[in-house]
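These are the residues of each chain, in order.
Protein chains: 2
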Amino acid sequence: MSKILRVNMTDLTAKYEDVPEKYKNWGGRGLTSFITLEEVPPTCHPLGPNNKVTLAPGMVTGTPAPSSGRISVGGKSPLTGTIKETNAGTPFSQHLARLGIKAVVVEGQPKENGKFWLLKVDKEGAELLPADEYVGKGLYEVYPALFDRFGKKAAIMGIGVAGEMKMAMAGVCFNDIDGRPSRYSGRGGMGAVLGSKGLKFIVADDTGGPGVDIADKDLFDTGRKKLTEALRTHGVTKEGGGLNTYGTAVLINILNEAGGLPTRNFSSGEFEGASKISGEAIAEGVKQRGGAGTMGHPCHPGCIIQCSNIWPKPDGTEHVSVIEYESDWALGANCGIDDLDVIAELIWLCNDYGLDTIESGGTIAVAMEGGLAEFGDGQKAIELMHEIGKGTPLGRILGQGAAFTGKALGVVRVPGVKGQNMPAYAPRAIKGIGVTYATTPMGADHTAGYTIGPEIMSVGGKVDPLEVEGKAEISRNLQAATAFLDSTGYCLFTAFAIMDIPEGLEGMVETCNAVLGTKWTVDDVGEIGKEVLKRERAFNEAAGFTKADDRLPEFMYYEPLPPHNTVWDVPDEMLDQVWEL
Amino acid sequence: MSKILRVNMTDLTAKYEDVPEKYKNWGGRGLTSFITLEEVPPTCHPLGPNNKVTLAPGMVTGTPAPSSGRISVGGKSPLTGTIKETNAGTPFSQHLARLGIKAVVVEGQPKENGKFWLLKVDKEGAELLPADEYVGKGLYEVYPALFDRFGKKAAIMGIGVAGEMKMAMAGVCFNDIDGRPSRYSGRGGMGAVLGSKGLKFIVADDTGGPGVDIADKDLFDTGRKKLTEALRTHGVTKEGGGLNTYGTAVLINILNEAGGLPTRNFSSGEFEGASKISGEAIAEGVKQRGGAGTMGHPCHPGCIIQCSNIWPKPDGTEHVSVIEYESDWALGANCGIDDLDVIAELIWLCNDYGLDTIESGGTIAVAMEGGLAEFGDGQKAIELMHEIGKGTPLGRILGQGAAFTGKALGVVRVPGVKGQNMPAYAPRAIKGIGVTYATTPMGADHTAGYTIGPEIMSVGGKVDPLEVEGKAEISRNLQAATAFLDSTGYCLFTAFAIMDIPEGLEGMVETCNAVLGTKWTVDDVGEIGKEVLKRERAFNEAAGFTKADDRLPEFMYYEPLPPHNTVWDVPDEMLDQVWEL
Chain D
1 MSKILRVNMT DLTAKYEDVP EKYKNWGGRG LTSFITLEEV PPTCHPLGPN
51 NKVTLAPGMV TGTPAPSSGR ISVGGKSPLT GTIKETNAGT PFSQHLARLG
101 IKAVVVEGQP KENGKFWLLK VDKEGAELLP ADEYVGKGLY EVYPALFDRF
151 GKKAAIMGIG VAGEMKMAMA GVCFNDIDGR PSRYSGRGGM GAVLGSKGLK
201 FIVADDTGGP GVDIADKDLF DTGRKKLTEA LRTHGVTKEG GGLNTYGTAV
251 LINILNEAGG LPTRNFSSGE FEGASKISGE AIAEGVKQRG GAGTMGHPCH
301 PGCIIQCSNI WPKPDGTEHV SVIEYESDWA LGANCGIDDL DVIAELIWLC
351 NDYGLDTIES GGTIAVAMEG GLAEFGDGQK AIELMHEIGK GTPLGRILGQ
401 GAAFTGKALG VVRVPGVKGQ NMPAYAPRAI KGIGVTYATT PMGADHTAGY
451 TIGPEIMSVG GKVDPLEVEG KAEISRNLQA ATAFLDSTGY CLFTAFAIMD
501 IPEGLEGMVE TCNAVLGTKW TVDDVGEIGK EVLKRERAFN EAAGFTKADD
551 RLPEFMYYEP LPPHNTVWDV PDEMLDQVWE L
Chain W
1 MSKILRVNMT DLTAKYEDVP EKYKNWGGRG LTSFITLEEV PPTCHPLGPN
51 NKVTLAPGMV TGTPAPSSGR ISVGGKSPLT GTIKETNAGT PFSQHLARLG
101 IKAVVVEGQP KENGKFWLLK VDKEGAELLP ADEYVGKGLY EVYPALFDRF
151 GKKAAIMGIG VAGEMKMAMA GVCFNDIDGR PSRYSGRGGM GAVLGSKGLK
201 FIVADDTGGP GVDIADKDLF DTGRKKLTEA LRTHGVTKEG GGLNTYGTAV
251 LINILNEAGG LPTRNFSSGE FEGASKISGE AIAEGVKQRG GAGTMGHPCH
301 PGCIIQCSNI WPKPDGTEHV SVIEYESDWA LGANCGIDDL DVIAELIWLC
351 NDYGLDTIES GGTIAVAMEG GLAEFGDGQK AIELMHEIGK GTPLGRILGQ
401 GAAFTGKALG VVRVPGVKGQ NMPAYAPRAI KGIGVTYATT PMGADHTAGY
451 TIGPEIMSVG GKVDPLEVEG KAEISRNLQA ATAFLDSTGY CLFTAFAIMD
501 IPEGLEGMVE TCNAVLGTKW TVDDVGEIGK EVLKRERAFN EAAGFTKADD
551 RLPEFMYYEP LPPHNTVWDV PDEMLDQVWE L
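Going down the list, the sequences are from chains D and W.
Going letter by letter, the first sequence gives residues 1 to 581 in our numbering.
Going letter by letter, the second sequence gives residues 1 to 581 in our numbering.
This is chain D alone, in the form it adopts within the complex (with noise of 0.2 Å):
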């Protein structure tokens, strides 16, 4: 039988619970947002004592399911004041499951400000211990000393001096198979609210726990080979695929060639550089410096995708690992950088500070449309990064992000929705993307309902990205089908798959009644999806968002972006649409 876990950061204690019926079927996202509607008011302050944080393993995570390790991280956010769910594939997913742990909810707050903690999760039980060791110092030199500490089996949830400072783009780290921290729900500052809880670590270790139970193993095994199969044919996840080969950075000259690739600030569609960091390229400069220089590494044990990489140096040496789409893209086009080892060095700083790549991103091109440095200039974005970390007065206005750093500056071009920036993807030049990022209850987000697919990929339908018409269906249809992969725990990026191979979708079904004892059909995913979004928009709108919120910034109404010289244009009317589920 699996538990919560209640962890108390007034009375420091940790306390398993039954699960209450109404949660045993969920996991991941649906789990965290439904616990966070439940027991968060949606009008309480983020970094508050009423706020709380809530880990979940996915459904089917523990289990031998492929791609099936991501852990979701729900709470209020700091950033966007919305209900926020963010995921991120790891073995700690893993470790949770297999201890018997359904979700482990962190609430409360220690009277003193300052001290941090540390909480020990396996077999025997739940302790907190202190942490202050730890404080102030970089995740790449704390993550070793704690596996020294607790063994190499272990896994860490962690929280970088960012968080400590209570930073509102500070992620929530995770090691990857090789224990480094790189693997990061790193959206919505979530960081930040286990900063002002004083939890700076959850170390966890599965040896000798429960293991996940499967309530059908004949079912799981079936709908495992189903899954498995279309992951294994699909030609973005096959192995020697898009993925595989390339890393998600295979979106970069796809993007650029669309002219949907946001460059320095979302200023054009067209960056003069992506050839320089496309995952081609990374892919090249891993086999040209060779030596620690790694494709197609899994983030989790179990993923058959394998879409990660390790970035070397020039002398073959390990830089970082991951060298993320998102985090290129943010890190580099959307600064005017076209140099993979500075962007090497400016993940590796998010990763060691404890930071969202994407918000740092963001925020470094804000901070150069508000003068602080040239586009392209990747030494002062290093700088900026710097200042974050040491928590400067300038960093304490960076470390809360693009819309912040806006406001501080007189930034009037801010391509963020409600408070977080826009990812990867020029909404002015793709319309199915803007309308998800205005209306799904995360601020803007492309991982909720990823119309690339369709309009960029030819994945689940094709259709023309500057067209309106249509594309409010499509993100509903994409949002609720998320939110229900969100809570299996299998990688978004299994969606490829199940989108165009109607078996790897009942595979996936069959998986989820095989552990849950459910019975659903694949008609119900959307369903599922949909009372997940229903949740979560009941949070929002408690917490007084309206259709004024499910807007993109003005200036994409007045201001082309070329090479299409579109201005966003998709009706209001069109928006609010998406939200008559």
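Incorrect hints may have been included.
Said to hold, decoys possible - In silico lysine-lysine, DSS-like type, Cα no more than 25 Å apart, as pairs:
1) 547(D) with 547(W)
2) 534(D) with 547(W)
3) 547(D) with 534(W)
4) 547(W) with 390(D)
5) 24(W) with 3(W)
Stated by the list, open to error - Each pair of labels, with its calculated beta carbon distance range:
6) 560(W) with 538(D): 27 to 35 Å
7) 477(D) with 547(W): 27 to 35 Å
8) 473(D) with 542(W): 51 to 59 Å
As the list claims (entries may be wrong) - Chain W is faced by these chain D residues, among others (derived, beta-carbon under 10 Å):
9) 78
10) 396
11) 469
12) 492
The set of hints was computed from the structure by calculation and includes no laboratory data.
For glycine and all other residues, C-beta sits at the position ideal for the given N, C-alpha and C.
We have chain D already, so just place chain W on it with the hints.
Just chain W now, with coordinates in the frame of chain D:
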């Protein structure tokens, strides 16, 4: 026939337009809010090209009506995101009115950033002149230079360096009767909006102007005399009364005794240093030091209340005008500072840099709570003000106000509503003013519905400040009456007399009828005010504000305030009842 002067900062034109019929019976706040609702897209960026700033003298401003020299400044606020009206008493309002100008509407935005302009308005017309020579300088240096250039008879609206830097606590400055840059439409950052439009000054000279048409001169005289009599009779407003003798800071001791004087960032309602910064102490200091020291100073010609003052240095030379109650409290008690000379210097810096004193004090208090200085450290407070004026990174944080500073520093205890810091009355000890803070369309604002009259001063009734019951109705009625009053051009302090002396209100309404040709009765006042409030709320609703925004900050719900040790316990439902108009 009065006109609207439309100033377009995109093409640098200033043109007179006829006043549309719908605006004819409006002035002051009623007019600025009407024009803002009609012309400003509620979801626009406050510092973008689509926001507008409207300046409007009141209905009777420019006539011999007593204490009627207010000017309203309206638009969308960069501090709150709401509609904003903020008014000041100054000869400038009278100049505009006597030039036949019902409103100045400033719109558009220069393509080139960092260029500034000066609008010159006189009987010959209106023209824009370059103002770059005044950029980056303190207003105490610039105002004399402008009077030298344009003549002592002129009146000047200006923004300081804070407005140039688009800081959200930048106010709009006006000269007092002696030409000092000391009368402020301070709240809500309207100085930043003017800064975003590149309009640094308006110089108005009514010499040879047409004056204000009075439709019925006999009725006007009748009304004027009734109101004058009421003002000269009421204990608060009469010559030698509380305001005239001690200035507005007469409230320091009164609020302190009531346990409602917010101290050290609203952590207590009692300040041990209150008597040292009280109105009585100011009057005593003025008397003892002599020289330039003055009590009973009027802010504009024709004011018969005369509550302003000039604070002298120890040697009798002028330090600053004016130590207003709100400024005295904000930069004094709320920062734990009990030294009038330090407070005078902080006010001088606000005037010089172009900052709202209330938000400045609130911000320094939050910065103190965030560890940037000890409460009570006046010299450090002065240094922080200089950071703002210099526009250092720290200054860029502070200049955006208390909520922004709280976010940058991770301070949860930020006593604001809708992003605007609370003024000098503790809502946990005085419930009615908390209802006004929560529900006014303006963000936390005492002037919007000054329940302190009945709750503390026994004016307009007498109710227990700690009692919850009935406060929604009191606040609603006062908010409506105030929306009317803010439209007339009369000073808010006339409210004391008209609430207690029926003939005073009669006289006020008669003067309005006499000028406008309307047939209002005293019974219409509330309805006229409600029309204004409905427009303001319509703007806010379209901008995305909901009931969730009509709340006090969360910490006031769980943290008791000494000495009464009461929390904020007005039910949300009661707050929502305020707007069942």
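Against the structure, the hints:
1. 547(D) with 547(W): 14 Å, holds
2. 534(D) with 547(W): 20 Å, holds
3. 547(D) with 534(W): 20 Å, holds
4. 547(W) with 390(D): 39 Å, violated
5. 24(W) with 3(W): 10 Å, holds
6. 560(W) with 538(D): 27 to 35 Å: 32 Å, holds
7. 477(D) with 547(W): 27 to 35 Å: Check passed, 32 Å falls within 27 to 35 Å.
8. 473(D) with 542(W): 51 to 59 Å: 26 Å, violated
9. 78: Status holds, d = 8 Å.
10. 396: Since the shortest Cβ distance to chain W is 4 Å, the answer is holds.
11. 469: Violated, about 24 Å.
12. 492: Not OK, violated: residue 492(D) not within 10 Å of chain W, min 30 Å.
Checked against the numbered hints listed earlier, the structure breaks hints 4, 8, 11, 12; every other hint is satisfied.
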